[in-house]
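I would like the entire structure built from these sequences, with the hints used as guidance.
Keeping their order, the protein sequence lines are chains A and B.
The numbers in full-length UniProt numbering rise by one with no breaks, and the one at position 11 of the first sequence is 11.
The numbers in full-length UniProt numbering rise by one with no breaks, and the one at position 24 of the second sequence is 24.
Hints listed in this document are in silico derivations from the structure and should not be mistaken for laboratory results.
For glycine and all other residues, C-beta sits at the position ideal for the given N, C-alpha and C.
Some clues are possibly wrong.
[Unchecked claim] Among the chain B residues that face chain A by a calculated CB cut under 10 Å, a handful are:
(1) Gly25
(2) Met32
(3) Pro58
(4) Ala60
(5) Gln67
(6) Tyr136
(7) Asn200
[Unchecked claim] Taking beta-carbon pairs under 7 Å as the criterion, some of the chain A residues facing chain B (in silico):
(8) Val55
(9) Gly149
(10) Ile159
(11) Ile161
(12) Ala202
(13) Lys206
(14) Ser235
2 protein chains.
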Amino acid sequence: MAYTIAREPAASKKPKPPQQELGFGTHFTDHMFMMDYDAGIGWHDPRIVPYQPLVMDPAAKVFHYGQTVFEGMKAFRAKDGRIRLFRPDAHLSRMNRSNVRLSVPLLDEELVLEALRQLILADRDWVPGTEGTSLYIRPFIIATEPLLGVAPSRQYRLIVILSPVGAYYAEGIRPVRIHVEPDYVRAVAGGVGAAKTSGNYAAGLKAQEEASKLGYAQVMWLDGVHRKYIEEVGSMNVFFRLGETVVTPALSGSILAGVTRDSVIRLLRHWGIAVEERSLSIDELVEAHRAGTLLEAFGTGTAAVVSPIGELQWQGEPQVIGGGVTGALAKRLYDAVTGIQRGSESDPFGWMVDLI
Amino acid sequence: MAYTIAREPAASKKPKPPQQELGFGTHFTDHMFMMDYDAGIGWHDPRIVPYQPLVMDPAAKVFHYGQTVFEGMKAFRAKDGRIRLFRPDAHLSRMNRSNVRLSVPLLDEELVLEALRQLILADRDWVPGTEGTSLYIRPFIIATEPLLGVAPSRQYRLIVILSPVGAYYAEGIRPVRIHVEPDYVRAVAGGVGAAKTSGNYAAGLKAQEEASKLGYAQVMWLDGVHRKYIEEVGSMNVFFRLGETVVTPALSGSILAGVTRDSVIRLLRHWGIAVEERSLSIDELVEAHRAGTLLEAFGTGTAAVVSPIGELQWQGEPQVIGGGVTGALAKRLYDAVTGIQRGSESDPFGWMVDLI
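Shown next, in the form of structure tokens:
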């Protein structure tokens, strides 16, 4: 099926920042994609326009009731110059699962993929090519109906913005210290924790801020019912190497089904390493640490790919993991995923999608 | 302390809708209030400007991470023409409690109260005077920093918009049917359920939509840990008359500390009626219904004031309450609160604040 996406080219192009000073989500490209939804009409007017401010009624529901969904994915410039997307199908199908949970109308995933293609091509000069860099893609939907009644909006806008991002690890991959959060809860089963929606991130800010003041990079969330089962680390999924088995929390309904989480599980199994998706308590972790079988811990997510954990702080007791240095498995996974993304490794699962 | 609030009057005034066609949150007045926050500067540039669209970078954090806080309060036109606010101090102190939970910088409550005064005076012609009408006041704070890193924003905007609202009960106060929600959860202790932030409302949309399809006006939320203790009804607090005692869920950390809830508790105690703030399970309610001691149920909130519940649907069993008609206590409370608001009853607690 052919889609017609209108195009209004930017009159002038912005200067591009140096590739070693990109940071994360601070610079944006020359264009953006927009598409509107009206009840009774459906999604309409897909268009690529110059990057520009949104002009919105102050009564728009997004400001008051947070009806939003977003995604985060990446495009890479391979050594041969090709631009490729990492698992866009997985991201777009997750976006529609989030839409269902937030009562947001479904997207035509093929249309959005085509929009991503055309948008990135329009801004192809912005896709960085040096080691560790990528083009971060942020599609998001916001409820725009200017009405204060609490009910699903009858108007929405899908927007896609692009941000060239730098190497997450400027000085190479290295472990972080994590505070296990005893008081604050991110999400609970029955809630929206499994959806990529803005409220989940707002809910985590306070705990993150307090942990940061204590010198920790992030918090590790425990479940909201028993306050003992591991959920996520910051806004990443989390894995533990316990002896020769890798354990990650099961998709219980309150954690995000990470695309990098899924990629890591598939790679581990491809390598013949046992992976268990199950509930895992902080007590079990502390016990494994004491017994010497907690060999590695790491978070996974689109931004960092793999983020090794060198220390977990729980009830005043620091649990140093793997001597506080990056574990062999975390490093192997990081190299494998980034190698596939950069095109320096083969792609056994067909994860990369060429832009052209 | 004197505050300087800049003023830019609207060049033209909008036509006002008829008072019998106001609805809720659909019409907005000629002016709005805005004030900005920048890290290192603090809140600055308080100003009253013509009602106008917000012009915002698509990377503004509110769209992605939902860092927001809001309030909802009302101004009334008394029979003698005076315009008065209902408990603005309680609303503004709650707004600051929400700010703490969402890592949003605190407001100077006196400045905001002065801003409300000046804004409402600028639009005083919009305050409706017929029975049941009022001017709904919506202050809200949104994170505006254009940065995709997940961390508290370093820029915010406070905006206040005004909406003349009609009688909530066009045909007089009457009971609604409520679906007791078995699957979806609104909030959990340790989360943000006690704060007035957009994500709590987004989290409730799906359950509300499904209940609505089944013919119910709203859902009654159960707690996220045991899935049996009553929390709220839709976005209202909830009360039950069990024999001669009135019971309402305690402020456990996952429900909002409603200003109307507090007002109803004070009035009941003022009248010599016993009120218990405690945990109350759905099983206890069903048992009381069976024993004939569940005499009344009603929700409370700024919009409806008191909303009687005529039926609770739980596990396929409709529990009809008080014969499905408005209970005597709900009606007495509704008349008392609206009488104080309209100035037709004395104000024993000093809740009303004159605008001038």
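Going through the hints against the structure:
1. Gly25: Since the shortest Cβ distance to chain A is 2 Å, the answer is holds.
2. Met32: holds, 6 Å
3. Pro58: Since the shortest Cβ distance to chain A is 5 Å, the answer is holds.
4. Ala60: holds, 8 Å
5. Gln67: This hint holds: B:Gln67 lies near chain A, its Cβ roughly 5 Å from the closest one there, short of 10 Å.
6. Tyr136: Check passed: Cβ of B:Tyr136 comes within 7 Å of chain A, closer than 10 Å.
7. Asn200: holds, 7 Å
8. Val55: holds, 5 Å
9. Gly149: Because about 6 Å separates A:Gly149 from the closest Cβ in chain B, which is inside the 7 Å limit, the hint holds.
10. Ile159: holds, 5 Å
11. Ile161: Interface hint status for A:Ile161: holds (5 Å vs cutoff 7 Å).
12. Ala202: holds, 4 Å
13. Lys206: holds, 5 Å
14. Ser235: holds, 6 Å
In this structure, every one of the numbered hints holds.
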